[in-house]
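**Q** Given next are the chains, with one letter for each unit.
Number of protein chains: 2
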Amino acid sequence: MRKEKYLELKKYIEELKVISIKEKNNDPTFITSISYSITLNNGRTIEREKIMKGNKNGSAVIIMPITLENEILTVIEPRVFTEKKVAVSFPSGYIENGENPYMAALRELKEETGYVPKYLKLLDQFYQDEGCSEALNNSFIAFDSVCKYPQQLDSEEIIKIMTFNLEELEELERNGYINSANSKLTLEKGKKYIKRIMK
Amino acid sequence: MRKEKYLELKKYIEELKVISIKEKNNDPTFITSISYSITLNNGRTIEREKIMKGNKNGSAVIIMPITLENEILTVIEPRVFTEKKVAVSFPSGYIENGENPYMAALRELKEETGYVPKYLKLLDQFYQDEGCSEALNNSFIAFDSVCKYPQQLDSEEIIKIMTFNLEELEELERNGYINSANSKLTLEKGKKYIKRIMK
Chain A
1 MRKEKYLELK KYIEELKVIS IKEKNNDPTF ITSISYSITL NNGRTIEREK
51 IMKGNKNGSA VIIMPITLEN EILTVIEPRV FTEKKVAVSF PSGYIENGEN
101 PYMAALRELK EETGYVPKYL KLLDQFYQDE GCSEALNNSF IAFDSVCKYP
151 QQLDSEEIIK IMTFNLEELE ELERNGYINS ANSKLTLEKG KKYIKRIMK
Chain B
1 MRKEKYLELK KYIEELKVIS IKEKNNDPTF ITSISYSITL NNGRTIEREK
51 IMKGNKNGSA VIIMPITLEN EILTVIEPRV FTEKKVAVSF PSGYIENGEN
101 PYMAALRELK EETGYVPKYL KLLDQFYQDE GCSEALNNSF IAFDSVCKYP
151 QQLDSEEIIK IMTFNLEELE ELERNGYINS ANSKLTLEKG KKYIKRIMK
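First to last, the sequence lines map onto chains A and B. Per this note's numbering, residue 1 is the first one in the first sequence, and the count goes up by one each step. Per this note's numbering, residue 1 is the first one in the second sequence, and the count goes up by one each step.
Since the hints were made in silico from the structure, they are not lab data. Be aware that a few hints might be false.
Same chains, same label: a pair holds when it works inside one copy or across any pair of copies.
[Stated by the list, open to error] Computed list of lysine-lysine pairs in DSS-like fashion (alpha-carbon distance at most 30 Å, straight line):
| id | residue 1 | residue 2 |
| --- | --- | --- |
| 1 | 121 | 56 |
| 2 | 110 | 56 |
| 3 | 84 | 118 |
| 4 | 84 | 24 |
| 5 | 195 | 121 |
| 6 | 195 | 22 |
| 7 | 191 | 84 |
| 8 | 192 | 121 |
| 9 | 121 | 191 |
| 10 | 118 | 160 |
| 11 | 160 | 22 |
| 12 | 56 | 192 |
| 13 | 10 | 84 |
| 14 | 195 | 17 |
| 15 | 195 | 56 |
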């Protein structure tokens, strides 16, 4: 990894590390669940519970933006329930009511990074947690992304932005900083396009 | 896809399709959540909620078993919250208390399929839902798998077993029957080993 990238990442990891984590007394309001009884065509009845996020199914978009300099834009965020507590991933977020995945991808990319792409291509769709959620996530690659706006973050969002090349992303995956199903699958499915561009 | 495989799969899809799904009145007991307040090194305090499954963090194992005939063993299950309602995936399940991922993989493979492998290799680890869960899933490839036992299913499990070759799995992924992050990532990370064996 380029030395300046290593130092910048190290600074963010230090800044975002968790000092304390306390269980709160109030009931969770974002993550809830619903029980169902399901009858199948073979006559069997089974029970399943479904995760809800903010009263929605939790479908999300993940966007791998490629800049004009042929670098890949990533976000560094606190991931407080993971071992490293801070992760490198791609811009992502939940699809809002009335949005299709393309609209959500453009909005999340703009909000989290200020970048706007020239082309947006759907790489893949996959269920996040197939046994107990309706969440269908959408991975995109965003070509010719240019920074046109400042970040616009929600009060609970803390997001640092960095660009890397493909070899650096592969190193971050090996070292466990890129560690989620969402990021890994987006990286796998996007690699062939990155390699084509980098040639 | 080989015609006999197509017909067998079609039969299972018909058998497992959902006839009715009803919301139950009782509170969910398996999927719950906890709220936390987290202080970071930069002084910011953020709130996050964490998904719990049966009072555990929900870490799971996914096993891609290769048979002595060089076919890949899959499971066909009702996935009632997905669009197709039935999915093709790999044997998988939650890690139980006191187990490491290897023990859980051997147990789940035996329970769901009756197969026992000669070698078990960890392909990858990834967080299932990085922002709101501790669940760290483990993908394995299980070489030289042989059927030695009958299936031993829980009362809520309905699992049909089928073998496919790599081209058929890729067709099932394109057609949306292999559609979860868990299966797709396991397939991606296992492909190079399958290709090596198939040569």
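**Q** Hints first: check each against the structure and report whether it holds.
**A** Hint by hint, here is what the structure shows:
Taking the closest pair of Cα atoms, residue 121 and residue 56 come within 30 Å of each other only inside a single copy of the chain (25 Å); across copies the shortest separation is 37 Å, beyond that limit. When the C-alpha separation of residue 110 and residue 56 is checked against a cutoff of 30 Å, the pair qualifies only within one copy, where the shortest distance is 22 Å, while the shortest distance between copies is 36 Å. In this assembly of identical chains, residue 84 and residue 118 lie within 30 Å of each other by CA distance neither inside one copy nor across copies; the values are 34 Å within and 33 Å between. For a Cα distance limit of 30 Å, the shortest separation of residue 84 from residue 24 inside one copy, 22 Å, qualifies, whereas the shortest one across copies, 38 Å, does not.
Within a single copy, residue 195 and residue 121 get their C-alpha atoms as close as 16 Å, and across copies as close as 28 Å, so both meet the 30 Å cut-off. When the C-alpha separation of residue 195 and residue 22 is checked against a cutoff of 30 Å, the pair qualifies neither within a copy, at 44 Å, nor between copies, at 48 Å. In this assembly of identical chains, the alpha carbons of residue 191 and residue 84 lie at most 30 Å apart whether taken from the same copy (25 Å) or from different copies (28 Å). In this assembly of identical chains, the alpha carbons of residue 192 and residue 121 lie at most 30 Å apart whether taken from the same copy (13 Å) or from different copies (26 Å).
In this homomeric assembly, residue 121 and residue 191 come within 30 Å of each other (Cα to Cα) both inside a single copy, at 13 Å, and across copies, at 24 Å. When the C-alpha separation of residue 118 and residue 160 is checked against a cutoff of 30 Å, the pair qualifies only within one copy, where the shortest distance is 23 Å, while the shortest distance between copies is 45 Å. Proximity of residue 160 and residue 22 under a CA criterion of 30 Å is satisfied intra-copy only: 24 Å inside one chain copy versus 43 Å between copies. Taking the shortest Cα distances, residue 56 and residue 192 never come within 30 Å of each other, neither inside one copy (33 Å) nor across copies (37 Å).
Proximity of residue 10 to residue 84 under the C-alpha cut-off of 30 Å is restricted to the intra-copy arrangement: shortest distance 12 Å within a copy versus 44 Å between copies. Proximity of residue 195 and residue 17 under a CA criterion of 30 Å is satisfied in neither setting, with 33 Å inside one chain copy and 41 Å between copies. With identical chains, the CA atoms of residue 195 and residue 56 are never at most 30 Å apart, being 36 Å at best within one copy and 40 Å at best between copies.
In this structure, the hints that do not hold are numbers 3, 6, 12, 14 and 15, in rising order.
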